[in-house]
Amino acid sequence: MKKSNDTSEIDAVAHPDVTAVPTLSCHNASDVDRSNNSFSQPPRSSSWEVMACPDCDMLNRLPKESKAILLCVRCGALLHRYRPNSIDRSLALALAAFILFTISNSFPFLTMKKSGIFQETTLLTGVQELWKQGLYELSLIVLLTCVLAPLIQMLGIFYVLIPLKWTGRPAPCAIRIFRLVQEIAPWGMMEIFLIGILVALVKLGHMATIVPGVSAFSFGALIFVMIAAFSNLDPSLLWERLDLRR
Amino acid sequence: MNPRTATARQLGLMSCHDCRLLIETRNPQAPGRCPRCGAHLHSRKPNSLTRVWALILAAIILYIPANILPITITSTLGVKQKDTILSGVIFFFQTGSWEIAAVIFIASVFVPFAKLMILIYLSLSVQFRSTWRPKDRTALYRLTESVGRWSMVDIYVLTILVALVKLGAIATIEAGPAAIYFASVVVITMFAAESFDPRLIWDVIEEDYDGQPSG
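Chains A and B, in that order, are what the protein sequence lines are. So the first sequence is residues 1 to 246, counted in our numbering. So the second sequence is residues 247 to 461, counted in our numbering.
Since the hints were derived computationally from the structure, they do not count as laboratory data. Note that CB positions come from ideal geometry on N, CA and C, so glycine has one too. Incorrect hints may appear among the rest.
To be verified - Stretches of chain B that chain A covers, calculated by requiring three or more beta carbons in the stretch to come under 8 Å of a beta carbon on chain A:
(1) 346-354
(2) 420-428
(3) 440-449
What the hints assert, rightly or not - Away from chain A, derived, C-beta distances all over 12 Å, residues of chain B:
(4) Ala252
(5) Ile269
(6) Ala285
(7) Thr296
(8) Arg297
(9) Ile306
(10) Ile310
(11) Thr318
(12) Ala360
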């Protein structure tokens with residue numbers, strides 16, 4: 001592990017710009033992209049940045065603007081992934097997701113036909129029905145995970161990215177909004193809802209005729225677009241752009 | 247271990263939990279807020295193990311009614327049928343749609359149970375200062391964190407069934423009392439996984455190597 005005489009090097013850490021820590025004796029990050037052999041070249045201090053692994057706290061020195069996938073040298077956590085044109089792509093995909101989201105919530109996703117009776121359901125009628133039956137907590141959980149969380153995520157992306165794209169400066173409170181977007185991410189569960197639709201389709205198949213509606217298909221597309229929008233988002237780039245201390 | 251490696255804590259640095267900015271901490275006891283994003287700074291998630299144990303305990307208690315009580319109450323032509331999660335799985339298995347049975351079994355029974363077991367194991371391993379395969383344990387943690395949310399499938403199926411099947415006397419499906427317990431288990435285990443700090447796994451190894459607690 002670390003030798004005690006290394007502590008003298010802490011003085012070299014020019015807070016808060018940690019990117020200027022050439023003397024910090026950190027282990028190199030493993031470079032997954034083996035075709036890119038830039039790793040064997042001697043590091044130039046300006047093009048490297050130091051990052052603590054979120055999973056094991058190990059300091060990793062990462063090449064800046066690398067096109068490789070960079071993993072933590074000790075525990076293998078994903079530290080950096082190449083996301084070209086991140087702001088444009090995630091904005092475009094978030095816009096597409098927003099349109100699909102509006103469609104998904106406006107039309108019924110399943111229609112049940114049984115002896116001349118039609119029963120349609122939209123995402124929100126499901127929430128309403130649970131509320132009517134007195135299952136308030138359950139109704140709120142479904143509302144939050146399938147409607148509100150994705151909506152907040154998309155609107156948050158617009159709010160943070162649009163000013164950055166057109167004026168180059170962050171919108172007021174953009175930092176707080178982006179933190180909210182990141183924190184709410186695990187609670188958006190639309191892709192799980194889609195599996196729920198499929199299971200319900202099979203479950204009711206023997207009871208009645210079930211017709212998937214427009215919304216079911218737009219929901220299916222929405223999930224892919226939404227995931228693509230978020231995997232194109234580059235948090236480290238955005239935090240740099242949102243930094244008000246510059 | 248390689249002497250040219252160090253963790254952020256060993257060098258008196260902290261990584262912001264929200265924006266990953268590395269910050270030099272002058273006062274590790276009260277580090278304050280991140281200068282870039284304003285999040286509360288902490289070297290490790292505060293009271294990680296205490297929180298995880300409390301949430302695990304709550305989840306175990308709620309797991310019992312979630313599996314014993316009925317999750318759906320189906321009334322067909324006046325006949326009421328109560329189904330628990332497991333009886334639903336068995337029904338699908340017997341009627342031939344074993345794929346659906348497998349989806350529901352994995353999402354609703356296996357994943358919550360495995361998640362609880364893994365969290366208990368990880369917390370115990372940190373508590374007893376295990377140095378056994380830290381990399382694999384970290385990978386195990388990442389797995390539980392990402393897979394836990396899929397247990398919500400049953401809740402969504404229920405939401406759809408309740409909204410769709412209300413044909414008066416012919417057929418109605420109502421949500422049973424297990425639904426809220428089950429949803430609580432999923433939500434609580436998600437919080438538990440979020441409260442666990444995988445860096446604790448590695449702290450033990452560093453402290454053992456240095457012979458004294460660091461930072």
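Original post:
Does the claim that Ile310 of chain B lies outside the interface with chain A hold up, using a Cβ gap greater than 12 Å?
Top reply: Ile310 of chain B clear of chain A: closest Cβ-Cβ about 18 Å, beyond 12 Å.
Original post:
Would the least Cβ to Cβ distance between Thr318 of chain B and chain A come out above 12 Å?
Top reply: violated (10 Å)
Original post:
Is the nearest Cβ of chain A still more than 12 Å from the Cβ of Ile269 of chain B?
Top reply: The assertion about Ile269 of chain B is violated, with a minimum of 6 Å to chain A.
Subject >> Coverage of the stretch 420-428 of chain B by chain A, judged on three or more residues with CB within 8 Å >> reply: As far as the stretch 420-428 of chain B goes, the hint holds, because 4 residues have Cβ atoms under 8 Å from chain A.
Subject >> Reported absence of Ala252 of chain B from the contact zone with chain A (all CB gaps over 12 Å) >> reply: Incorrect as stated: the minimum Cβ-Cβ distance to chain A is 4 Å, not above 12 Å.
**OP:** Could you check that no beta carbon of chain A comes within 12 Å of the beta carbon of Ile306 of chain B?
**Re:** holds (20 Å)
Original post:
Looking at Arg297 of chain B again, its CB stays over 12 Å from all of chain A?
Top reply: holds (17 Å)
Original post:
Checking the smallest CB distance to chain A, is Thr296 of chain B really beyond 12 Å?
Top reply: Thr296 of chain B is indeed farther than 12 Å from all Cβ atoms of chain A, at 20 Å.
Original post:
Going by Cβ atoms, does Ala360 of chain B stay more than 12 Å from chain A at every point?
Top reply: Since the minimum Cβ distance to chain A is about 17 Å, Ala360 of chain B lies beyond 12 Å and the statement holds.
Subject >> Status of Ala285 of chain B, Cβ more than 12 Å from any chain A Cβ >> reply: violated (7 Å)
Subject >> 8 Å C-beta test of the stretch 346-354 of chain B against chain A, three or more residues >> reply: Since 4 is at least three, the answer is holds.
Original post:
According to a criterion of three or more residues whose C-beta lies within less than 8 Å of a C-beta of chain A, is the stretch 440-449 of chain B covered?
Top reply: Answer holds; 6 residues pass the 8 Å Cβ test.
Hints 4, 5, 6, 11 from the earlier list are contradicted by this structure; the remaining hints agree with it.
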